[in-house]
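2 protein chains.
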Amino acid sequence: MKQRDKQKTYQWVGKRVQRKDGPEKVTGDLKYMTDYRYENMVWGRVLRAKHPYAKIKQIDTSRAEAYPGVICVLTYEDIPGFNGFGIVVPDQPVLCHDYVRCMSDAVALVAAETEEIAEEALQLIDVDYEVLTPVTDPEEAMKENAPMLHPSGNVHTHVQVQNGDIEKAFAEADIIVENTYISPRQMHAFIETEGGWGILEEDGSLTIRCPGQYAFRDRMQIARVLAWNPHRIHVVSNPIGGGFGGKDEITVQIYLALLALHTGGRPVKIHYKREESVIAGIKRHPFKVKMKTAAKKDGTLIANQVIAYGDTGAYASLGGAVISLAVEHSCGPYYIPNVDLNGYCVYTNNGVSGAFRGFGVNQVCFAMEQNIDIIAEKLGIDPIEIRKKNVYHQGGISSVGHRVTASVGTWETLDVAEKSDLWQRRHHYKNNPSEPWKKRGIGIASSFHGIGMGIGLPDYGAATIELLPGGRFLVGVCSEDIGQGNGTVFAIVAAEALQCHLDDIDVIQGDTKLTLDSGTVSASRSTYVGGNTILAAAPNMIQLLIHTAAEIFDIDPEFVEHRDGKLWKTIPVQGKEVLSYAEIYDYLYQHRRETKVEGHFMVPTAEKMIGKNVGMPHKVYGYQTHLVLVEVDMLTGETEVLQVLSIPDCGKVINLLGLEGQAEGGAVMGIGYTLYEDTVIENGLYKTTNFTNYILPTFKETPHIQTIPVESDEKSGPFGAKGIGEVVMIPIIPAIVQAIYDATGARIRHLPATPERVYQAMKEQGMI
Amino acid sequence: MKQRDKQKTYQWVGKRVQRKDGPEKVTGDLKYMTDYRYENMVWGRVLRAKHPYAKIKQIDTSRAEAYPGVICVLTYEDIPGFNGFGIVVPDQPVLCHDYVRCMSDAVALVAAETEEIAEEALQLIDVDYEVLTPVTDPEEAMKENAPMLHPSGNVHTHVQVQNGDIEKAFAEADIIVENTYISPRQMHAFIETEGGWGILEEDGSLTIRCPGQYAFRDRMQIARVLAWNPHRIHVVSNPIGGGFGGKDEITVQIYLALLALHTGGRPVKIHYKREESVIAGIKRHPFKVKMKTAAKKDGTLIANQVIAYGDTGAYASLGGAVISLAVEHSCGPYYIPNVDLNGYCVYTNNGVSGAFRGFGVNQVCFAMEQNIDIIAEKLGIDPIEIRKKNVYHQGGISSVGHRVTASVGTWETLDVAEKSDLWQRRHHYKNNPSEPWKKRGIGIASSFHGIGMGIGLPDYGAATIELLPGGRFLVGVCSEDIGQGNGTVFAIVAAEALQCHLDDIDVIQGDTKLTLDSGTVSASRSTYVGGNTILAAAPNMIQLLIHTAAEIFDIDPEFVEHRDGKLWKTIPVQGKEVLSYAEIYDYLYQHRRETKVEGHFMVPTAEKMIGKNVGMPHKVYGYQTHLVLVEVDMLTGETEVLQVLSIPDCGKVINLLGLEGQAEGGAVMGIGYTLYEDTVIENGLYKTTNFTNYILPTFKETPHIQTIPVESDEKSGPFGAKGIGEVVMIPIIPAIVQAIYDATGARIRHLPATPERVYQAMKEQGMI
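Protein chains in written order, with full-length UniProt numbering: chain A, 1 to 768; chain B, 1 to 768.
The hints are simulated quantities; they were obtained by calculation from the structure and are not laboratory data. Fair warning: there could be bad hints in the mix.
[Stated by the list, open to error] Keeping only pairs whose Cα atoms sit at most 30 Å apart, straight-line, the calculated BS3-like set for lysine-lysine is:
1. A:K612 x B:K57
2. B:K292 x B:K763
3. A:K50 x B:K612
4. A:K168 x B:K57
5. B:K715 x A:K143
6. B:K612 x A:K55
7. A:K55 x B:K292
8. A:K419 x A:K388
9. A:K57 x B:K55
10. B:K55 x A:K608
11. A:K687 x A:K619
12. B:K50 x A:K612
13. B:K20 x B:K569
14. B:K513 x A:K513
15. B:K715 x B:K700
16. A:K608 x A:K20
17. B:K57 x A:K596
18. B:K8 x A:K619
19. A:K57 x B:K612
20. B:K419 x A:K608
21. B:K513 x A:K596
22. B:K168 x B:K378
23. A:K388 x A:K143
24. B:K8 x B:K569
25. B:K576 x B:K566
26. B:K50 x A:K608
27. A:K57 x B:K168
28. B:K388 x A:K513
29. B:K576 x B:K596
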């Protein structure tokens, strides 16, 4: 196909295109939905659980209801429909009835004239609790005598993949490395905390304006709770002040909907303060990963045994899927013939864990890449060489046992790393620390990440293209712009396909009335799926243009050529020779004809499910290698990342500036995860409360990051593109830890690698 | 409101209107979807389980695939999405993977050039089973050591309602009656067995033409299995050769969709033979009801204790809802202050039970009305008097403890029965049997049935009205016409509201592209909901007409009057004085304006849920009394129903002819249930195979049926109407059994009351 012709010169694709929403976002001109205020508005607040695990004996709202300025107080009794939500299993109560199972649990809602009154009213709601002992450790929760947090037991999911003969392989191995790795509860820390608006319209329909990562699914979840026809609910989910997976699940949409039914048509606003966001929001699953990896003397990996425990907290959300992805990716982008991979997603009373950039792969990559490094070191093999030796190539077999038919660029990413200045002159970089009491090290790691939902799960998209006055186009793809700049990608794809100027494309996203269902913005899928839907719609638009031109020319459509953004007559007949899009629009308008077309796309899947694991495997993966240089202060254990080389295989790059943005943002998020971030929960109670004690990397901690994309040509992708949103933050995690080892001789197996942990590890290793 | 003015003379409402689809249905002109054949079609068939409970060790399709003429053979491995379906809990596999749990289970699908080849190919699919001992008795299934058919255990639902002090009430009672009642597994026995068409269209979308009771939900269930965007699936579910609840759940829609993906665009047809329909189709839940009822000497009912076991078979389908309705209605339309009501929906290996006209109420009504009759007899109170004494009235409290604010006509239905010729001259009727060896008896019973889904469940509707050329209207309501004639009801409501002739209304139903989601056609809701949605849309259409007329007249809309199906100018301005709908249409067409409006309706709910029982209570109920005269052959035990007086309280009658049709059809279905019908399953195996051994009442068994509606005015209903589809078959069941007792002195507590059972009972009572 022409589009995939590597030689083809594109007008827009692959260029450095400034984000369409860039100026208004960096200048602060853009108002996010939570920035608005209205004259007749009312404020909503949520009463949270007082204990991480308790039985509710009684809820008395009478004092709060009587408080002046209070408009309504709602409890589970006021829910018209199903009292639950959750993307896969709706096991989380909207408003708790019998039990609270974590501090995130909501017990009541208040709407009041001011935010202060709403806050005061919360204090007046009397909830009588019988306090229970919380279950806080996943392994304890799995024991037979542990209190059951849900009727189905505390193990929400057990995912297993077995291939080959693991016992035989371990017996025949030349080297076996076995370690346990612990990773933290990361917070999404988006700029815009959860919030939005609920409005009961005059015609009895409901408008929910609330940032989210899948407007149509949010609408479904709202409708289920309200027992309403989803068509009477209008969800506007764009623009968003950051998502990263943390707005994939329902945040406040259902609360807004419930309150809006009781405020007499006045718009109700909820906007969490950061403290509330910390408690209410989902987090990345903390993992404990036990990994035993075996190799032959020549570095060939022959076996891997994995047991991963993910703490999903009190409710499932996407925990089952996170564990499934962790297992699928637990051996890295390598071929290991003998594996026994196990993941357990376990309920505890520790908040709620859910979707987060990387989606379970971060935690297992941290373990796997470390084990490989240890094997390489013990065998005296170069860390890049051992990886190059073990990677699977396109057409090869993955460690979960399926043939990978899509493009695979891991080897090339490693090769770019190997040839880089940082690697070639690594001894020079290492031997020149900034201070005599500091030491430097270099680390490398690779990873991969599936694009889309994987086999057996709904995974589709749809786009509309509408011809506008003046020959412009309006492209509609619901997939929200959660900060990654996918709107600009959609504009580039449309401009390229429609042969017009980028400025002639408007993009609309995140609106259940104005766009078609295009699936969730997660799983690194929105460039791949959104791009493909636009490329499915564009030929329909071109056909419309051609046929209309033929009608105007009064000739057969086969004699009309679409070229250079115009419609040309190819036979000698009297009259006009060429028509612009604007002229086509005018003709269609005059003849009362539809100027809008649709395009649909179903994400292709692998041939066969791995066992009964819905979602496993994926057909298409993005790949990534990170090379990092760090410097460790031997007196304090403090680590600074000095340089990052990010080498993604994202297929064809659509917007080079956008890719660099993703790679840089991902690297910094990986640095935060590795060195600083953890939401500490003890006995079910949050010890971390705000950014004062949740440490994020700032500009000061941001190193020089260079991005060199490897553009493997993915046949199924738009112009050959894949997705890259998640994997750009993953291998940097073990790469940093490996660099710390390279600098200090201390191996860190418990993240974040705080100065205290690094110092302690150096001491234990006798390095200081 | 004008519409509800009892004095108002309606043009169409309440008349005897011939069904719009009547002529083509009675002449056979109408082709049902399963009647069609196409040139390039292929045939689909379903491989069913060989055993009621077995582990699948292996499925080998190779011989079938190699068979000439076979196009594809599909197993669970070919399911792109989620392998399950079920309206509430999708626990039924589309194609079984690990276990088969009943003879209804599907294991593989075949598409072939002819039906014969498809049938032969089924024989060539080798399934290796490990046979397990089936669980066939619900009470056995509830025991601790019973094999668990599902991970959550064998009790799918336990519904409980407790009010008052049952122990105290029993201690203070003057009379207590306690009995156990057993009811059969009735078959829907619709004329058109399950079948339809699957077509993969050229644009990649999918069309499923298959009779069903909720096109939009069917589409959702198909999409879930295919992992497709529902918008790419077009479901056409109308016309239907009978439903009665048996086409509420998925029948063959998903099989058609799966096969259509593998036939290269050729339409695939499945159409069950009756034998397959008997095995595959859902049935009415067989119940065992233990009921203990207490009264004071004066006949005041004071306590009722109920334990009902419903056998839902291997999968839930709507079993949980059926049990909930059974419990809600278990005390009849009476007020009993002290109750302990329990229903258990239990998994067994006996086929699958699901929705069926009456929906759990038939079984408990059979028990309750018998207990009341026994109490009345023992206390020497007239059976009508005891009922009149105990019924709740509008504004009163039901036995599940909620205030019934909607209209209640039970007392009036009993009063009509009491004043009827059959009751007044009952001794005359009784004392003149047709033969000396026959005896006659009279029985009376009352019941009620909730309209719609009940509190907490989605329950909404939407209608469109489009102005057509010539001033006609197209009314779109998805709610399918499953035989009840709701299409004619919709036309009547629209003609009345729009002030036009009935012939100027076209109605379209059952199409996900052409109509809006209007909810399921079940729960006696389609007249009530569909009517209300049209009455919500009609004012929008009238506004459109008025505003357009104002524009044409060039005056303010307030000076336009809508009267007698025309638009009149009310101020003296030059030009035309009156406009017809046809003229309005022409103007709108010329000005490229929308001629279609929408109307939406949410079903009102009761104030508060009863405990945690979603769906309980309802706000609106239909009520019904049946009076019957039977004659029993004392030599054979054979019972003939001679006369039926059907007295429904359906609120305002919309179509009298339609109501009579429902009442007569319901009575005959009740006769079948009481005297003849049972699908016998032994050890999980069907002993009933076809209508040769499943005995349906025919015209010969149809008595004279008189219908006298009581029209209580329901404020929330369209023109005051409620719903009546189900309750018209319910109290006739105990009324017949009571009449048998009246004739013979033999009480039947195990249905159907076959000649053998009646004869045996007479013998046991010493009557013969």
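Checked hints:
Restraint check for A:K612 and B:K57: the C-alpha separation of about 15 Å stays at or below 30 Å, so the hint holds. For the given pair, B:K292 sits about 26 Å from B:K763 by alpha-carbon distance, which is consistent with the 30 Å threshold. About 23 Å separates the Cα atoms of A:K50 and B:K612, which keeps this hinted pair within 30 Å; it holds. The suggested pairing of A:K168 with B:K57 holds, with an alpha-carbon distance near 27 Å, which does not exceed 30 Å.
The suggested pairing of B:K715 with A:K143 is violated, with an alpha-carbon distance near 57 Å, which exceeds 30 Å. The suggested pairing of B:K612 with A:K55 holds, with an alpha-carbon distance near 16 Å, which does not exceed 30 Å. Only pairs whose Cα atoms come within 30 Å are accepted, and A:K55 paired with B:K292 is rejected, the gap being roughly 35 Å. The suggested pairing of A:K419 with A:K388 holds, with an alpha-carbon distance near 13 Å, which does not exceed 30 Å.
Restraint check: the Cα-Cα separation between A:K57 and B:K55 comes to about 45 Å, which exceeds 30 Å; the hinted pair is violated. Our distance criterion of 30 Å between C-alpha atoms is met by B:K55 and A:K608, whose separation comes to about 22 Å. Only pairs whose Cα atoms come within 30 Å are accepted, and A:K687 paired with A:K619 is rejected, the gap being roughly 41 Å. The suggested pairing of B:K50 with A:K612 holds, with an alpha-carbon distance near 23 Å, which does not exceed 30 Å.
Using a Cα cut-off of 30 Å, the hinted pair B:K20 and B:K569 is violated, with the two alpha carbons roughly 34 Å apart. Between B:K513 and A:K513 the alpha-carbon distance is near 17 Å, which keeps this suggested pair within the 30 Å criterion. Using a Cα cut-off of 30 Å, the hinted pair B:K715 and B:K700 is violated, with the two alpha carbons roughly 41 Å apart. For the proposed pair A:K608 and A:K20, the alpha carbon gap of about 40 Å is over 30 Å, so the pair is violated.
Simply put, B:K57 and A:K596 have alpha-carbon atoms about 52 Å apart, too far for the 30 Å limit, and the pair is violated. Restraint check for B:K8 and A:K619: the C-alpha separation of about 67 Å exceeds 30 Å, so the hint is violated. Between A:K57 and B:K612 the CA atoms are separated by roughly 15 Å; this keeps the pair inside 30 Å, and the hint holds. As the CA atoms of B:K419 and A:K608 are separated by approximately 71 Å, the hinted pair breaks the 30 Å bound.
For the suggested pair B:K513 and A:K596, the alpha carbons sit about 17 Å apart, so the restraint of at most 30 Å is met. Annotation: proposed proximity of B:K168 to B:K378 holds, straight-line Cα distance about 22 Å (limit 30 Å). Distance restraint check for A:K388 and A:K143: the Cα-Cα separation of roughly 41 Å exceeds the 30 Å cut-off, and the hinted pair is therefore not satisfied. Restraint check: the Cα-Cα separation between B:K8 and B:K569 comes to about 25 Å, which is no more than 30 Å; the hinted pair holds.
Among the hinted pairs, B:K576 with B:K566 is consistent with the structure: their alpha-carbon atoms are about 12 Å apart, no more than 30 Å. Distance hint between B:K50 and A:K608 is fulfilled; the C-alpha atoms sit about 26 Å from each other, no more than 30 Å. Our distance criterion of 30 Å between C-alpha atoms is met by A:K57 and B:K168, whose separation comes to about 27 Å. Restraint check for B:K388 and A:K513: not satisfied, since their Cα atoms lie roughly 53 Å apart, outside the 30 Å limit.
At most 30 Å may separate the alpha-carbon atoms for a hinted pair to count; B:K576 and B:K596 meet this at roughly 25 Å.
Comparing the model with each numbered hint stated earlier shows that hints 5, 7, 9, 11, 13, 15, 16, 17, 18, 20, 23, 28 do not hold.
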